[in-house]
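Residue-level listing of the chains:
2 protein chains.
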Amino acid sequence: MTQAESDLPFDLAKLDRLAEVAVNVGLGLKEGQELIVTCPSTALPFLRRVVAAAYRAGASLVTPIISDAEITLARYRHAPDGSFDKAPAWLYAGMAEAFEAGAARMAIVADDPMLLADEEPGKVSRAGRANSAAYQPALAKIAGFDINWTIAAFPGQAWAKRMFPDVSAEEAQGKLADAIFAASRLENNDPVEAWAKHNAQLRSRCDWLNEQRFDALHYSGPGTDFTLGLAQDHKWKGGASEAKNGIICNPNIPTEEVFTTPDSRRADGTVRATKPLSHQGAMIEGIEVRFEGGRIVEATCTRGEEVFQELIATDEGASRLGEVALVPHSSPISASGLLYYNTLFDENASCHIAQGQCYSDCFIDGAKLSKEEIAEKGGNSSLIHVDWMIGSGEIDIDGIREDGTRVPVMRGGEWAS
Amino acid sequence: MTQAESDLPFDLAKLDRLAEVAVNVGLGLKEGQELIVTCPSTALPFLRRVVAAAYRAGASLVTPIISDAEITLARYRHAPDGSFDKAPAWLYAGMAEAFEAGAARMAIVADDPMLLADEEPGKVSRAGRANSAAYQPALAKIAGFDINWTIAAFPGQAWAKRMFPDVSAEEAQGKLADAIFAASRLENNDPVEAWAKHNAQLRSRCDWLNEQRFDALHYSGPGTDFTLGLAQDHKWKGGASEAKNGIICNPNIPTEEVFTTPDSRRADGTVRATKPLSHQGAMIEGIEVRFEGGRIVEATCTRGEEVFQELIATDEGASRLGEVALVPHSSPISASGLLYYNTLFDENASCHIAQGQCYSDCFIDGAKLSKEEIAEKGGNSSLIHVDWMIGSGEIDIDGIREDGTRVPVMRGGEWAS
Ligand SMILES: [Zn+2]
Ligand SMILES: [Zn+2]
Ligand SMILES: [Zn+2]
Ligand SMILES: [Zn+2]
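First to last, the sequence lines map onto chains A and B. For the first sequence, full-length UniProt numbering begins at 1 and goes up steadily by one. For the second sequence, full-length UniProt numbering begins at 1 and goes up steadily by one.
There may be inaccurate statements among the hints.
To be verified - Listed below are the simulated DSSO-like cross-link pairs for lysine-lysine, each with C-alpha atoms no more than 27 Å apart in a straight line:
(1) B:Lys14 - B:Lys244
(2) B:Lys235 - B:Lys368
(3) A:Lys123 - B:Lys368
(4) B:Lys123 - A:Lys30
(5) B:Lys377 - B:Lys30
(6) A:Lys175 - A:Lys161
These are computed hints drawn from the structure, not numbers from a lab.
Could you put together the complete structure from these sequences and hints?
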């Protein structure tokens, strides 16, 4: 279903602002730059504003790649079994080529994150794997921060109904819109200024963590007693940062996290997830894992365990960590108390870790490092990058220096200093 | 604007049938084949049915490339001037690669053909030229009939309002739907059978013309006195035909024409268009041209002359002919008396010629001919292929044999025998 603009139950002026923020803060789009935007059909009213804002910012060409939830479902309902090992490699290779030639990248999220919840898990995971493999050349340029990119969100109706099942579709969409607009800091008349202030705060957190040069972090809380080594020459990042093409962008709108690359060989102990993970439409709940030498050696879930097991079996790097991120429990998204079923929001509500591919720009002078050098320093590589939440108001985190000294980083889910 | 399905003022069962015809008659889609569908967002209700029908027919993967009229306009309203020499070459190169690997191709037309009518003609033609150049590798595989492909139409509301400006949007859309469904032969319960019968009739016309082996055609009518040489070893085609990948398809739904490749060096005399030409959103009316030695040496139009002049100046082949097609004046589309502003329909209402690229499969054993051999036999090559209408109830056509014998082909716009 696509909605007429006049049926959208929220202030369209806010949607205009969100488009401006996504293009000018999220991408920092440069005059003359090309842009590729992926977008679900349900978000067309937002996409149109993004395209206009991008051209006003001087984009030379904007190419939207529009998906459609019903078309995605039609495949699961009607396609022959062999289809689920296929992906449009030609399209992703072309995107990689465009990034190589300087194009920026925006992803708009808007669909029901649980779209595939009722489909056959085997098909969902095979299709996901085929897609990840085909997308790899393009993803490498994003994960490697070769180009400026961003993800922004539109309050699609099916997503809203998933979050607010007990109210009307219209009311649900209005509530999700309020939440997205607030988290995206559109409340005042100058959202670009609000973002500048927010980015400065995130930067000062990163500066402190980078001065500390912790060798490891130790997490303790209910079900969690976990020591995570940080990669050699790791760098904490958050908010605005500079892509290898020299453009300063905000890869996530909204964002609350500061994050870096853990050592994929040094993770030990038990970790309990504090929120459900919605992965390719499946709900994974109650994740509990035990790490040994960086690798998950035991994993149980109270729901969706099969999907989680398949996920961490994708390749060698999928059972190891590629990201560690800190978010105070009082962050606006956490304070909303909502479960978004979407990583863009849920990861910004909570401290998290990610299975799979690391960000090579989370190293000092990361741009100059080869794949081999990154691996030597502890950087992980994988077809996947999947975040899950381990933060709460009950978690304490210590930083551990090389000499064993411990420094409080978080207490009861908040910054210790 | 995209419409909810429940707002569509026509029988959705017919839309299901049209999807079946497009996939199974239009494409003749083969089990295990990939499919790329280009489609305007306004036709999503049809696209969803096409994707489902394609998967039911055994498609391994369907990749929709969805455009949006408002996004197209946003470029003209907001983009910097340099944008209009750009095109997404990476996307078209990828499509060419997919066709090379065996993918089929469907194009859905649904938008207002006059969408760009109020935009700057220079920008429209520059964007068109950049697009044609970038699309060339993919178009070559379609024009060379390497793969099975088809074009089908959905009654978009803006297109309908363009055709029926004096009635409500809803009534207009209903009228266009009736016209499209009738022309696409969906009236009875077995449209696939109706198409088999129609294809057999077109085949018998082609057989007769191929037996005649005319050296040239002579057209006479108001403003027209025109002799057009046919290419050496030309072959008349129409309706269903076999692509080089061995799949029998109907490249146009609907189709009424039989057509072949003229000799690009032998066209002499004057021709007057009998219908307006809607090209990339511009209306071109009252075309009168004089050919000498295959080339347009004089051209005037009563409207849109600048666009037409730029069009035929695209490259050397753009001022020469690549197609000649015969359609009886009593064809169902002609009988509807409507101007569709869209070549898919308007060319099937009338005899026509096309500037630009020829179809290499309109030669005997065309699949085996090199580009050079095709040129030697008179086949034209160009970045463009633009049809315009020269048929009416007042046109007479003679076939001329090599010995000068004349055989009546059409009289008063109808088949002479
Ligand atoms: Zn993160
Ligand atoms: Zn992450
Ligand atoms: Zn034709
Ligand atoms: Zn044609």
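To see whether the hints hold, each was checked on the structure:
1. The straight-line distance between the Cα atoms of Lys14 of chain B and Lys244 of chain B is roughly 31 Å, outside the 27 Å bound, and the hint therefore fails.
2. Taken as a hint, the Lys235 of chain B and Lys368 of chain B pair is honoured in the structure, with Cα atoms around 14 Å apart against an allowance of 27 Å.
3. At roughly 42 Å between alpha-carbon atoms, Lys123 of chain A and Lys368 of chain B are farther apart than 27 Å, so this suggested pair is violated.
4. Distance check on the hinted pair: Lys123 of chain B and Lys30 of chain A sit about 22 Å apart at the alpha-carbon level, within 27 Å; holds.
5. Distance check on the hinted pair: Lys377 of chain B and Lys30 of chain B sit about 33 Å apart at the alpha-carbon level, beyond 27 Å; violated.
6. The straight-line distance between the Cα atoms of Lys175 of chain A and Lys161 of chain A is roughly 10 Å, inside the 27 Å bound, and the hint therefore holds.
When held up to the earlier numbered hints, the structure conflicts with 1, 3 and 5 and fits the remainder.
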